[in-house]
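Position chain D relative to chain Z; hints supplied.
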Amino acid sequence: MSPFTTWDIVRNLLLATQWTVLLSLIAFAGGAVVALAALLARTSRNRWARRGTVFYIELFQGTPLLMQLFLFFFGLSLLGLNVPPWLAAAVALILWTGAFLAEIWRGCVEAIPRGQWEASASLAQSYFEQMRYVILPQALRIAVPPTVGFSVQVVKATALTSIIGFVELSKASTMITNATFQPFVVYGFAALIYFALCWPLSKSSQLLERKLNVAHRRH
Amino acid sequence: MAVGLDFGALADYAPVFAKGVAVTCELTLVVGGLGLALGILCAWVRTQGPRVIRPFVSIYVELIRNTPFLIQLFFIFFGLPAVGVSLGEMEAAILAMVVNLGAYACEIIRAGIEATPRGQYEASASLAMSRLQTFRYVVLRPALQRIWPALTSQLVIVMFGSAVCSQIAVEDITFAANFIQSRNFRAFEAYIAATLLYLALALLLRQGMRMLALVLFPRRRAVR
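First to last, the sequence lines map onto chains Z and D.
In terms of this note's numbering, the first sequence opens at residue 1 and continues consecutively.
In terms of this note's numbering, the second sequence opens at residue 1001 and continues consecutively.
By construction, these hints were calculated from the structure, which means they are not laboratory data.
Treat the hints with care, since some could be wrong.
Unchecked claim - For each label pair, taking beta carbons as the anchor points, the in silico distance ranges come out as: (1) 1129(D) / 123(Z): 19 to 27 Å; (2) 1056(D) / 123(Z): 24 to 32 Å; (3) 1018(D) / 119(Z): 25 to 33 Å.
Unchecked claim - Only part of the chain D face toward chain Z is listed, based on derived beta-carbon distances under 7 Å: (4) 1007; (5) 1008; (6) 1025; (7) 1071; (8) 1157; (9) 1187; (10) 1201; (11) 1202.
Quick reminder that beta carbons are idealized off the backbone N, C-alpha and C, glycines included.
If we strip away everything but chain Z, and leave its shape as in the complex, we get (with noise of 0.2 Å):
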């Protein structure tokens, strides 16, 4: 009935799956500069700085993704501004990852003893140095595994972009569904697709969590 074979099917997805990879690239890495920007205020001294970064993490910690993206894709648009779906769902995407890593950041920061932080104010290092040079470098080692495991969610989330029409992987499903009327095939094929870009990621991260916690206890 439908001139579409399923390698027809298959091939397309995966033509569609580089724009959920590129997406999710493009989250996470933005996403981690501005964690680090609200790691810094939501740890620094100064109180305006921590209360704005708390405003901001359960602002969007808060509410859903969806309304974020509908925020940006209609509400930015009724300021005057055009904005394209990829950008609109690049930059709510960024800011939502940028919530959540700076969250678990700072649970890696608050990790590190509070003695490495008065050893270091007693070398007279300022906030900045006593991050760069001692506390970071500690925190780093136990934030991989976390991380890693959240950018599961970061795949999982470009889903939802396909709500306000940017063509990715689901968005891909949902138009080839449309032309060869097989669901079943397409939506269980894109679900394997996107089981094949978490799973290693959602395993890797248990596996560093098991040697980085080795390396740990050793010490």
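Relative to the frame of chain Z, chain D by itself:
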């Protein structure tokens, strides 16, 4: 076209939002109950259940945790009719959300069960309790108490996920916002209102879970 904000334009649509809030609450409560039950069952299988079905539960959990909810929902709503299982939008939404929450809750509850001190098992064995009795009367409640905060967060995440169900025409808060902005073109106001409603519901849900914990776990646990 630059326009100012006008939340007064939403006043006429208050009933639409009210319906949306009711549907979102209904989804969250039904799914919370069923998903928690599924999670407990799966966690039991993975820790102490029959070894034959353990791999299947593991596959289920890994599959759900590593694919987006949107795809799961579309697979159930659009895909299953192709093999003869036709569901209404509300049933499909509930099924997808229960299956989703079940997998996450399984992992969370399993962590709680595995943190049970050895002595608890030994003590209940010395009272001649069967494995099922031990699980039901000794292990489960403290395990749930241990992971209650994580479970609360997961439930909030599931409620946020329910926004996606508007895509299969479930008339929840997001659906209401979409409907309103398609009528009066006040997209920004409609979505801000919807976002605030979600924020309020999330706070309410957290408070509700805190109160439920007081009822479920009246005594502070002695053994950590």
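Are there hints from earlier that the structure breaks, and if so, what are their numbers? Checked against the structure, the hints that fail are numbers 1, 2, 3, 4, 5, 6, 8 and 10, while the rest are satisfied.
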